[in-house]
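Q: This is what each chain is made of:
Number of protein chains: 2
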Amino acid sequence: MSYTHDAEFCLARTLGEGGLEQQIFEEQLQGCKASLARLKDDKDNGRLPFLTTPGERDDLVACQTVVSSYRENCDDVIVLGTGGSSLGGRTLYGLATSAFGPINGGPHLHFIDNIDPHSFDVLLKHVDISRTGLIVVSKSGSTAETVSQFMALLPIFQKEYGPDKLSERVTVITEPRPNPLRKLARDLGLECLDQNPLIGGRFCILTLVGLLPAMIAGLDAAALRNGAQKVVDQAFSGAQMEDIPAAVGAAIATGLQRQRDIRQTVIMPYEDRLADFGLWYNQLWAESLGKEGKGTTPIRALGTVDQHSQLQLYLDGPQDKMFTMIYHDAKGMGLPVDSVLPKGEDSLSYLRGRTLGDLLTVSAEATMQTLAKNGRPVRKFLLDKIDEETLGALTMHFMLETVITADLLGVNPYDQPAVEQGKVLARRMLKDL
Amino acid sequence: MSYTHDAEFCLARTLGEGGLEQQIFEEQLQGCKASLARLKDDKDNGRLPFLTTPGERDDLVACQTVVSSYRENCDDVIVLGTGGSSLGGRTLYGLATSAFGPINGGPHLHFIDNIDPHSFDVLLKHVDISRTGLIVVSKSGSTAETVSQFMALLPIFQKEYGPDKLSERVTVITEPRPNPLRKLARDLGLECLDQNPLIGGRFCILTLVGLLPAMIAGLDAAALRNGAQKVVDQAFSGAQMEDIPAAVGAAIATGLQRQRDIRQTVIMPYEDRLADFGLWYNQLWAESLGKEGKGTTPIRALGTVDQHSQLQLYLDGPQDKMFTMIYHDAKGMGLPVDSVLPKGEDSLSYLRGRTLGDLLTVSAEATMQTLAKNGRPVRKFLLDKIDEETLGALTMHFMLETVITADLLGVNPYDQPAVEQGKVLARRMLKDL
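Protein chains in written order, with the working numbering: chain A, 1 to 433; chain B, 1 to 433.
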């Protein structure tokens with residue numbers, strides 16, 4: 001596998017008082033074993049296609065025409081969608097982009113997940129529609145925000161492309177059953193790619209919802225799935241629970257909540273390309289587990305940045321958090337950081353002979369040790385490298401960890417019933433405006 | 001003032017069981033009164049210059065040459081700095097930029113607060129150094145990340161500009177006392193702008209640290225300060241505590257923690273231009289209060305996006321959060337969202353005659369009501385509009401609210417002692433590599 005998972009600093013045997021006692025850890029692992037057995041049954045019987053998607057390739061071939069056309073003809077690609085329809089693609093796109101635009105050329109992707117009218121006014125001012133592609137993603141086909149976004153932009157695309165060429169630049173992804181978006185797509189003659197109704201938004205990062213944008217950005221979708229497949233294979237290989245990272249993670253999260261009242265889980269990559277990973281993870285964890293008064297709160301951080309923002313609270317605030325550090329060994333990488341050290345500046349002598357990568361990796365290690373020294377449970381993912389295979393593996397790890405955790409907590413990870421209330425109210429208020 | 005603050009849904013008299021009881025609210029407000037009196041004394045005696053900075057203008061005039069030169073000669077401006085040296089400028093820049101670059105032209109600003117070697121490699125590949133300006137910000141002048149970033153990029157700027165012209169494109173902001181960065185700047189003949197040693201990073205958003213980038217982006221720095229000044233004036237006007245929003249906010253945050261074990265505070269603007277506001281707020285709140293086991297954890301959300309990610313947890317997860325909604329009335333604004341509603345599509349009829357702004361504002365209101373209905377304490381900031389004056393007011397509101405809260409908790413909001421451990425360890429590990 002493309003990462004190692006080390007959770008020793010979450011366990012009392014290593015961390016001391018803030019850690020999880022061995023007995024509870026083992027009880028939770030027993031629960032994981034039962035949970036994995038149920039998952040295996042569901043997987044083998046086709047009830048959990050998010051676990052089998054990594055083995056598929058046909059769908060990737062089927063959308064190759066769209067990919068090529070967008071890559072060839074578009075400077076910008078706008079992805080309309082919100083929640084799981086946006087966060088997966090956006091997370092994967094992190095591998096291909098930077099603060100300065102796409103790393104290796106190709107279209108610039110924009111994941112527009114909000115409905116701020118000002119942002120749309122700016123978009124129209126800045127984007128050359130004749131070189132812009134649109135992807136509209138809504139599983140239900142009736143998400144108010146996504147349909148509204150599409151309604152807002154459609155006349156502009158219609159004006160540019162006319163009825164005949166519209167389908168070259170507008171693609172829809174939705175469930176293969178009747179819904180408003182699909183109806184609209186059919187009326188307009190647009191290509192409609194199918195979203196599997198059995199894979200909810202927060203579990204669909206490795207379906208076309210995440211992979212179509214990724215492929216347009218030039219990423220290797222097969223490698224993403226390969227990385228995920230290896231995690232699935234290992235989890236269901238019959239290995240000891242202690243050797244299955246997703247089981248260990250679930251046992252620790254639930255055990256620490258039970259024994260130490262740990263209510264928040266901080267995910268902290270030391271890697272700009274993974275800066276948005278926490279956005280995706282936050283939805284996965286919060287929406288899957290936050291029900292019936294249960295669940296813990298996911299918090300997105302970034303190293304080293306948040307050492308200068310959140311670390312004070314993490315080290316010396318309430319003891320209510322666990323931490324997940326994600327990094328790879330970047331020692332020796334990057335530009336040197338001692339180019340013009342002022343002579344006689346002993347206070348900076350620790351930078352002599354060092355690179356940006358040295359500083360980054362050492363900061364991750366030092367922060368981890370400092371958290372542990374302060375009795376804060378912390379685990380690490382050490383990544384082989386930052387690429388598609390690793391990212392695919394990470395996404396599958398966390399999806400598995402989340403559904404096992406849900407099972408241990410006794411909640412259904414696949415629904416989000418509470419959200420409905422606000423939607424109904426908003427619709428009524430809109431009608432009554 | 002440019003906003004109204006409504007916290008009724010945090011109080012038991014309106015929210016019911018999840019809210020703060022009147023008696024505790026009043027006790028906390030009494031504490032606020034004493035705290036504001038102490039703050040006034042500190043302010044009047046020059047010990048808290050972050051409260052008097054809004055009245056100054058000379059420093060803005062003094063840096064006008066740098067501003068004009070960067071605006072005229074640069075396509076990109078890179079701001080090096082981390083924590084408070086970055087987040088303030090970045091938050092203000094939100095008013096001037098978008099997913100598609102600067103809204104009204106001017107240079108594209110990049111707040112580089114990390115040391116990821118990969119990101120620097122990409123930067124060098126993508127940026128035209130001959131049209132790039134650099135601002136280096138470190139209060140102490142010895143922040144490892146910032147000095148390293150500068151060391152990494154300096155040779156490239158030296159090569160482009162030579163010793164004579166370097167000062168036209170590289171500007172340093174640091175304290176006016178001897179430190180490595182200042183020494184280096186002097187050796188290189190660079191302009192060094194002074195950072196007030198009495199204003200810590202997380203309170204310096206309205207000093208040049210935040211305002212120099214803002215001005216380069218074309219924002220009105222005087223208006224930002226005017227907005228803040230009005231908040232200061234009102235807070236020290238002798239008004240009733242119930243009428244001073246920062247006091248009410250501090251009383252509620254501490255009261256809810258005390259009475260209802262509220263441990264997390266979610267800040268949720270419904271406004272893309274305020275999407276980064278929570279980054280700045282998170283540092284302010286976490287680093288000022290998270291000490292001696294005290295403080296609550298700040299969480300950044302964004303509406304409507306997080307309705308599709310975090311709202312399930314917020315409504316039905318553990319009852320351990322309070323919520324701050326920030327929005328303005330955007331009803332009637334933006335593109336229509338009913339352009340091509342399929343005929344007979346009754347399920348979307350609520351969109352007829354509506355705009356993006358209708359949907360955004362109604363979503364904020366519906367979410368607020370739904371949170372309240374579920375017994376979750378929630379307050380709102382209703383903004384007159386989104387501009388410099390309003391943003392300046394908001395920043396001052398939260399700085400005041402934070403220092404009053406610190407006083408009520410009995411912690412020092414201006415230090416961050418725990419962070420030192422990790423720094424010392426990282427330096428030693430770097431030396432021993």
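In short, the hints are calculated from the structure, not lab data.
Watch out, some of these pointers could steer you wrong.
As the list claims (entries may be wrong) - Derived list of chain B stretches under chain A, where covered just means 3 residues or more per stretch with a C-beta under 8 Å from a C-beta of chain A:
| no. | segment |
| --- | --- |
| 1 | 11–24 |
| 2 | 115–124 |
| 3 | 304–311 |
| 4 | 324–337 |
What the hints assert, rightly or not - Simulated crosslink set (EDC-like; lysine to aspartate or glutamate; CA at most 16 Å straight-line):
| no. | chain 1 | residue 1 | chain 2 | residue 2 |
| --- | --- | --- | --- | --- |
| 5 | A | Lys431 | B | Asp187 |
| 6 | B | Lys373 | A | Glu420 |
| 7 | A | Lys343 | B | Asp187 |
All of these numbers come straight from a predicted model, not from anything done at the bench.
C-beta: ideal position from N, C-alpha, C; glycine also.
Q: Determine for every hint whether it applies to the structure shown.
A: To see whether the hints hold, each was checked on the structure:
{"no.": "1", "hint": "11–24", "in the structure": "violated (count 0)"}
{"no.": "2", "hint": "115–124", "in the structure": "holds (count 9)"}
{"no.": "3", "hint": "304–311", "in the structure": "holds (count 7)"}
{"no.": "4", "hint": "324–337", "in the structure": "holds (count 7)"}
{"no.": "5", "hint": "A:Lys431 to B:Asp187", "in the structure": "violated, 67 Å"}
{"no.": "6", "hint": "B:Lys373 to A:Glu420", "in the structure": "holds, 13 Å"}
{"no.": "7", "hint": "A:Lys343 to B:Asp187", "in the structure": "holds, 10 Å"}
The structure does not agree with the numbered hints 1, 5 stated previously, though it agrees with the rest.
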